[in-house]
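Listed below are the residues making up each chain.
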Amino acid sequence: MNDIFEQSIVSPELIGIREWDRRFASIPAQWLDSCRYLRELDGGTKYVLSPEHYAQRGDLLLRRLKYDNSPAGLRLWSFIFSEKDRLFKAKENGWKIIAAMKDLGQIPALSYAWKKQLTFYGDEMWWSPCFAEDPALLDIAAKLGAGDEFCFVRAALGAFETLTYFPRPDLVIAAVGACCDDLTAVSELIRRRGNNVEYWELPFRQCRNDRISGAVFASHKGQNDAPIHALELVEREMERVRGLLSDLMGSKVTDDDIAINITRINRARALTARIRQLAYGCDPPPIAGLEAFLVEFLPLHYCSDPEEALAVLEEILDLCQRRAVARTGPMDKDLLRIYWVTPCTDTSIVQFVEGLGCRIAGTEYMLGQAFIPIPEDMPPLKGIAWSVMNDAMAASSKMRVDRILGEAVRNRAEGVIISGIFGASHCPYETSIISEEITQRMGIPTLSFDVPFSAGTLPGQITTRVEAFVEMLRERRRNGRSVQ
Amino acid sequence: MRVTCGVDIGARTVKAVLFDVDSSSVIASEVVLENANPQETAQKLVERLCSTVKGLHWPDTVIATGYGRRHCLFADDATTEITCHAVGCRSIFPDVGLVVDIGGQDSKIIVLSEDGAVCDFEMNDRCAAGTGLFFEMACSLLSVDLREAGKLAAEAKDAAEISSMCAVFAQTEIVSLVQSGIATPAVLAGICRSIAKRTSALLGSRRLRGRIVFTGGVALNRGVVLALSKELGQPVSVPESPQTTGALGAALLGIRRL
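Residue numbers (our numbering), protein chains in the order written: chain A, 1 to 484; chain B, 1 to 258.
Keep in mind that the hints were calculated from the coordinates and are not lab data.
Label-pair distances were calculated between CB atoms; the ranges are:
| id | chain 1 | residue 1 | chain 2 | residue 2 | range |
| --- | --- | --- | --- | --- | --- |
| 1 | B | S205 | A | E376 | 38 to 48 Å |
| 2 | B | C127 | A | Y429 | 13 to 23 Å |
| 3 | A | E52 | B | V175 | 44 to 54 Å |
In this text, a Cβ means the ideal position worked out from N, Cα and C, and glycines have one as well.
Whenever a hint applies, use it, and build me the whole structure from the sequences.
Spelled out as structure tokens, the structure:
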């Protein structure tokens, strides 16, 4: 059998948007029909389309990218870019819409215990200007008080004004405390524009060896040690959020309902963790860096449809496993192994790096806690509290460095790229700490740069740095100074 | 005769070097001002240099570097100016440990390991302050010939304080200094010191090793050379032709293709 599914295992490749347009007709209609979001509403809506369909709606960057030639990859892209359709459809059908801000998967662990609501990731707007190749959201944010000095999440402020990416949320739940100052400022600006914003406090997670406050620590298998007072605070805050959600939804959920949701979420986390292992560890990589990038964001808020997100992840995992067995992938073997720190606002940089003869061999996109299962052997809100304490942003940079080194060593990374988010308050101090620690403890080069907004092209300053970095890594490998 | 060519298409100038592989020497080089068509400028420059060498129609290989490297369609390959400056400087000063390159558009530091490989680098971003273009604009404001400015700055007894982090605001500051009666050489010396400070800040916590080599068009400015030496706490070496070290490195890298 040499259909498009089999072809994607035997001859994986990265193809442009025009080529996907051409090949789309060869995808079996039955399979396309089986991919549906929000199945509870009229049996669901078909969404797998050629990337050109989504480009025509405004995400012009899609025209410059290359895509995995598998139907599973196309499904992943389509699922991500159809999220706004789900949000509007749900709203039209009377469902509640909840925006979670500075939330890396905690609130959905609670909120999806309720039916007839969708919880989306409000901060995700940070990548929208680059995908749209249009600074409109940033310009609106600037007029409302969040200019260039703010992180790209200020695009969320613009999106709350235009309401073109999502309908007005019934409730915005935003973390404050141990997170970016600019995120908090943006949340507050959103509240001041008349949105229903409720805050919960994310406490700073000390390390056991900090010994600065006399805090008493607790341990739990598979989780980071955490101060008991911080765990208790988060548990109380989650109880309060549960109350807010009960008021919004007009119904209460039991601990058992939340536990069932957590089990489903853990399934998504396990799938993502396994896909990451294969994508970053196998040679050749079974999927390219950008597909892996999208996968990493799925277990945060499931692109507003947990059931379909699970199906998307299962199909990607199946693809990765089959390619790993067949030792195939869309890129060559033995490419320079790059570890990537902090997600890029302009995702085309990932493909630019790959185009220079590199592959991604691990990432620390500050999403690490979303791949660790939420403990299920305790009351669910306590479990969520443990999960919150795994958030890298709630701890010192050391936690991020340890995560980076763990995976970078395991996958024999030859260089580390740290792409700072222009204006993000944590980037200026954290980047140099991470860079120095990696150089000292692992002895491999690092490259750091901030990614500014640029429509339709990468700034020469960035391309020159990246190319020079790759030349340096290639020379190191030639001289036998990198781990083979 | 086997000849390689390096072409460095920068923001302000185009540089080319012809290298005779057999005699291991530079046989021709030139720097010309950039115009609206750098690719054409570069091609004509290479053709002109070739015409000065008896029997040479075209180099055996051409390597492009600089910001315009990807648009140099007649080149056989392209390499970044970071790698090229490192290779070029090491061929002149084998004990180089740090290259400071300040061109028209940017400034960069390149750290070399003992075996001569690039092991780290840093570039300025966000602002043109600290680049050749900034110095040019300042000279224009002060009505001073660019070629004379470095000499004037080097001879100044004092240096005015230029505190602004932004090239545009720095211009306002320069106007203000002039209006308050500060002598032009002192203002120029202040600008040189400001450029040197910004460049040395790129070093961060990196430790210095070996010789420091200063390249790029700004290395022709004696005032900046002195200020940079002072800022870095050790003398800096300037190649005889600091603008062409990138093109030289490209030509040397071209040998690998033969």
